[in-house]
Amino acid sequence: MTPSRELPVKRVEIYYSVDPDPRSRFWRSAGAFNLGGHWQAGLELGDLNRPLFAFANEIYELPKPVTLP
Numbered sequence: 001m002t003p004s005r006e007l008p009v010k011r012v013e014i015y016y017s018v019d020p021d022p023r024s025r026f027w028r029s030a031g032a033f034n035l036g037g038h039w040q041a042g043l044e045l046g047d048l049n050r051p052l053f054a055f056a057n058e059i060y061e062l063p064k065p066v067t068l069p
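Here the sequence shown is numbered in our numbering, starting from 1 and rising by one per residue.
Source of the hints: derived by calculation from the structure; they are not laboratory data.
Be aware that one or more of the hints could be misleading.
Derived SDA-like pairs (lysine to any residue); straight-line CA-CA distance at most 25 angstroms [to be verified]:
#1 K10 x P51
#2 K64 x P8
#3 K64 x N34
All chains should be built: construct the whole structure from the sequences, respecting the hints.
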């Protein structure tokens with residue numbers, strides 16, 4: 001995945017599942033690493049014929065603290 005370049009990326013968390021039923025889907029975390037502007041993760045998949053569901057959380061470093069109301 002390629003995050004926005006507006007702010008520096010602090011870390012990326014990638015999660016994936018192979019369970020097609022969203023009611024019982026178990027999300028697994030995958031260690032993400034930076035490849036010079038985009039992030040990648042290795043996944044342990046037993047069967048490449050099953051559907052793959054994935055999402056990523058992008059955590060950015062803010063230039064200064066933000067006060068919440």
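Results for each hint:
1. K10 x P51: Given pair K10, P51 is violated - Cα atoms ~30 angstroms apart, limit 25 angstroms.
2. K64 x P8: holds (12 angstroms)
3. K64 x N34: Within the cut-off at roughly 24 angstroms; holds.
Checked against the numbered hints above, the structure violates only hint 1.
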